[in-house]
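With chain A's structure known, arrange chain B on it following the hints.
Residues per chain are reported as follows:
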Amino acid sequence: MMAQREDAAKQSAASKANRLGYMALVAGWLVPGAGHLMLKRWGRGLLVLASISCMFVLGMMMGARLYAPNTADLLDMLGFLGDLGAGLLYLVGHSLGLGQAPVQVVTADYGAKFVVVAGLLNLISAVDAHSIAVGRKP
Amino acid sequence: MTIAPSHFTTVILFATFASIIFGITQRSTPKAMVRYGAYCFVLFLAAVIAASWLMYFIRH
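Just so you know, the protein sequences line up as chains A and B, in that order. Under this note's numbering, the first sequence has 132 at position 132, and the numbering climbs by one with no breaks. Quick note: to get this note's numbering, add 1000 to the position in the second sequence (first position is 1).
Isolated chain A, as found in the complex (with noise of 0.2 Å):
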């Protein structure tokens, strides 16, 4: 009876940090270092937020161009699927319209490279917030 008391409060245990793990890394995909500051890692979310963050506004400054969704070049999918890693600041650039201008400085292209490492940085930090949450890293 005891041992069957224990086992359930493990599986609540489990299912609790499992859920939380999840939406950490749903809260650190839209929101850069939002994962962290959800599990109260005050230093390590402001750190992710502003480095990602700047990157992003650094690489639209540029003259970024934003990859849209579309099939046509392979090339252009996996620059839209680096640049959907950085989650709300994507999805409001893309619906304000950022992005779209044709390049004309050699710059933009550093940009570009900028916001898609930007997204790509901001998965692994999500990762990361789900690996605290469910126990895997301190």
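Read the hints as simulated data drawn from the structure, not as lab findings. Just so you know, even glycine gets a beta-carbon here, dropped at the ideal spot from N, CA and C. Possibly wrong hints are sitting among the right ones.
[Said to hold, decoys possible] Keeping only pairs whose Cα atoms sit at most 25 Å apart, straight-line, the calculated BS3-like set for lysine-lysine is: (1) A:Lys10 <-> A:Lys137; (2) A:Lys40 <-> B:Lys1031; (3) A:Lys40 <-> A:Lys10; (4) B:Lys1031 <-> A:Lys137; (5) A:Lys16 <-> A:Lys40.
[What the hints assert, rightly or not] Covered stretches of chain A (chain B as the covering partner; in silico rule of three or more C-beta atoms under 8 Å from a C-beta of chain B): (6) 57-64; (7) 124-130.
Same frame as chain A, but now just chain B:
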């Protein structure tokens, strides 16, 4: 508002932000995070400088 930083400034910015994220996500303790972030930053810069010299010698 647009900016047009030099190639080297762009590299430093890129290395800084990427190193911060690598440090935070790839290590567990604050001290190890700082050390790994600094290591990544130095590697980024060293790789760029080495590649630049390599391209210089190919060109000349």
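*Agreement of Lys10 (chain A) and Lys137 (chain A) with the hint, judged by alpha carbon distance not exceeding 25 Å*: Within the cut-off at roughly 19 Å; holds.
*For the pair we were handed, Lys40 (chain A) and Lys1031 (chain B), check the Cα-Cα distance against 25 Å.*
Between Lys40 (chain A) and Lys1031 (chain B) the Cα gap is close to 19 Å, so the pair holds against 25 Å.
*Cβ contact check, 8 Å cutoff: the segment 57-64 of chain A against chain B, three residues minimum*: holds (count 4)
*If you look at each residue in the segment 124-130 of chain A, do at least three have a Cβ nearer than 8 Å to any Cβ of chain B?*
The restraint on the segment 124-130 of chain A holds, since 4 of its residues have a Cβ under 8 Å from chain B and three suffice.
_Given the hinted pair Lys1031 (chain B) and Lys137 (chain A), is their Cα-Cα distance within 25 Å?_
The given pair, whose Cα atoms are some 15 Å apart, holds under the 25 Å limit.
*Is it true that the CA of Lys16 (chain A) sits at most 25 Å from the CA of Lys40 (chain A)?*
holds, 17 Å
_Straight-line alpha-carbon gap Lys40 (chain A) to Lys10 (chain A), limit 25 Å_ = At roughly 23 Å apart (the allowed maximum being 25 Å), Lys10 (chain A) and Lys40 (chain A) satisfy the hint.
Checked against the numbered hints given earlier, the structure satisfies every one of them.
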